[in-house]
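Protein chains in written order, with my numbering: chain U, 1 to 259; chain X, 1001 to 1373.
Any given hint could turn out to be false.
For lysine-lysine, the following PhoX-like pairs were computed, each having C-alpha atoms within a straight-line distance of at most 20 angstroms [as the list claims (entries may be wrong)]:
hint: 1; chain 1: X; residue 1: K1120; chain 2: X; residue 2: K1016
hint: 2; chain 1: X; residue 1: K1347; chain 2: X; residue 2: K1193
hint: 3; chain 1: U; residue 1: K81; chain 2: U; residue 2: K35
hint: 4; chain 1: X; residue 1: K1005; chain 2: U; residue 2: K165
hint: 5; chain 1: X; residue 1: K1079; chain 2: X; residue 2: K1120
hint: 6; chain 1: X; residue 1: K1079; chain 2: U; residue 2: K164
hint: 7; chain 1: X; residue 1: K1005; chain 2: X; residue 2: K1120
hint: 8; chain 1: X; residue 1: K1029; chain 2: X; residue 2: K1005
hint: 9; chain 1: X; residue 1: K1262; chain 2: U; residue 2: K108
Don't read these hints as lab results, they were simulated from the structure.
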Amino acid sequence: MISRIRETFKELKKKGKKAFIPYFMAGDPSLESTKDIVQMIEECGADIVELGVPFTDPLADGPTIQRASERALNAGVTLKKVIAFVKNLRQNTQIPVVLMTYYNPVFKYGEEHFVRDAKDAGVDGVIIPDLPPDEAGSLIRSSRKTSLDTVFLLAPTSTPERIKKVAKASRGFIYYVSVTGITGSRLLLDGSIETLVSEIRKYTDKPIAVGFGVSTPEEASAVSKVSDGVIVGSAIVKRLHESPDDLKRYIISLREAIQ
Amino acid sequence: MPALKELEEAFFQSKKDKEFQKELSHLQKTYIGRPTPLYFARRFTEYLGGAKIYLKREDLAHTGAHKINNALGQALLAKKMGKRRVIAETGAGQHGVATATGAALVGLECEIYMGTEDMKRQALNVFRMRLLGAKVTEVPVGSQTLKDAINEALRDWTTNVRTTHYILGTVFGPHPFPVMVRDFQSVIGKEAKKQILDTEGRLPDYLIACVGGGSNAIGLFHAFLKEGIKMIGVEAGGEGIETGRHAARFAGGSLGVFQGCKSYLLQDDDGNVLGTHSVSAGLDYASIGPEHPYLRDKGLIQYTYATDDEALAAFELLSRTEGITPALESAHALAEVVKRAPKLSQKEVIIVNLSGRGDKDVQHVARIKGIKL
């Protein structure tokens, strides 16, 4: 069975287009508001939604998403509730949904239960930044049975050996982390992303989406030219919190930039 | 991942490197002041009226705790790896001070991450680190304690991995840290074994140490693992397990995956990490080095806990009977000795790891007792 994520990248490729993947923290500030946001970004033309699951110790995240995570935890949001939320969401939209969660909540949930419940709810893929493919054997096996996509990360420091391993373990797309660092870091547009993305392409024909540090429409446009998709997280989370009225205009400007 | 591979290779290389080992053991002797004494605590023993109690005096190591054994080893390794900068997390400040010391000694830039709460509790150590030339960076997020400082140090490391080595302070985190830190700390047990054979002509019956991340305990126990000796790790019982305000991972936790390793973790039903409490900042941590559950399951080490009150009582008792003020962390191990020694015969021998000195805790204890200094 081909997943919604792979279907989406296939369709975009046919049209010569690139995926726009906005990130939000589920439940920041409440799950009701997240529902409205998903609807809004779909109307604005987002291709895939990446939904953050709050965690007490978000190691890979910068201050913006750390705070969003705290707000969502304070609102009582958990992995279980996010899965139920996606199930509810599926009454209104078929947009592909990827969860970004840390590993311990999945471990505590039980990998097999998590995969089954997530898939049943209509979740399409999962990104776990603190779970390298080396340690993900059992999760990958469970996911393959249900065709839940497992997305793994590559960084500028990844060796060819690593690229091969991550490419093999990834389904749906490969997440290329454009900076050495955490979410919301400053992006460097010095041609290095292009070099590294083409390095990855030597080993795989799976779609490559680039994230961490993309914040302006200009950056999004530059990144989209050398990859298959652009993930924007911290910049959106920040606007949503600080000036929610500007959010829609900003989303539209990103959509227009990613072509 | 590549950084961990690089570190693993460098570490195992250094074990075979005669020059490196020579420099390390020279500095252990002339700089740290090793071997630290194994001291027979006569009056403490008489007061308790049971087993003979020996203290392994890590409090007499340079900077006042066992932390320097590891920090110095890793600082040398960082230099050898060609890194120009080291970073570290600290809770009570002991590992921060040890790292700043190691960095000053070998000539490396140094940045220490410390939670806002801990900076308030340990203002003196913050100043000490700055005095040693380190930059101390406040971590105002999460619970603002040790675990958040580790998160922030890991974030720094992923960002500056090319130039920076992360000197993790305990037997925790991703491989090779638990093995490497154990290796640098195992000098404690090696010395103690030789020393007890010299004085008693036999091995001890009990080894007792406090367990936060677990590096001083592994450091003492490791050389004795094959000897069939009873070993006891003492966790922080805080205000009591039933209150939920503690840091006893075995008594109150369950298996989890946190900060790069799988071990016992204080967590809620949804896998979020719970806040911890202990009178001692060095034991105030939600997880425990992964080798501890492994050794517990093999039946080699037992774990128990001491409450804040029991640790405070032991802190005062050792001060009065021996003229040695222990760190509040080490006082947890002593609290177990207080419970256990009177039930044993005078022929039996206990070695307890006095992992650090208590000077850093004096103000804190005065505050708890309501004494204004």
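These are the hints, each one checked on the structure:
1. K1120/X - K1016/X: Judged against 20 angstroms, a Cα distance of about 43 angstroms means the pair is violated.
2. K1347/X - K1193/X: It holds: about 18 angstroms lies between the C-alpha atoms, which stays within 20 angstroms.
3. K81/U - K35/U: holds, 13 angstroms
4. K1005/X - K165/U: Holds, because 15 angstroms separates the two Cα atoms, which is no more than 20 angstroms.
5. K1079/X - K1120/X: violated, 32 angstroms
6. K1079/X - K164/U: Outside the cut-off at roughly 32 angstroms; violated.
7. K1005/X - K1120/X: violated, 37 angstroms
8. K1029/X - K1005/X: Violated - the C-alpha atoms of K1005/X and K1029/X are around 30 angstroms apart, more than 20 angstroms.
9. K1262/X - K108/U: Judged against 20 angstroms, a Cα distance of about 12 angstroms means the pair holds.
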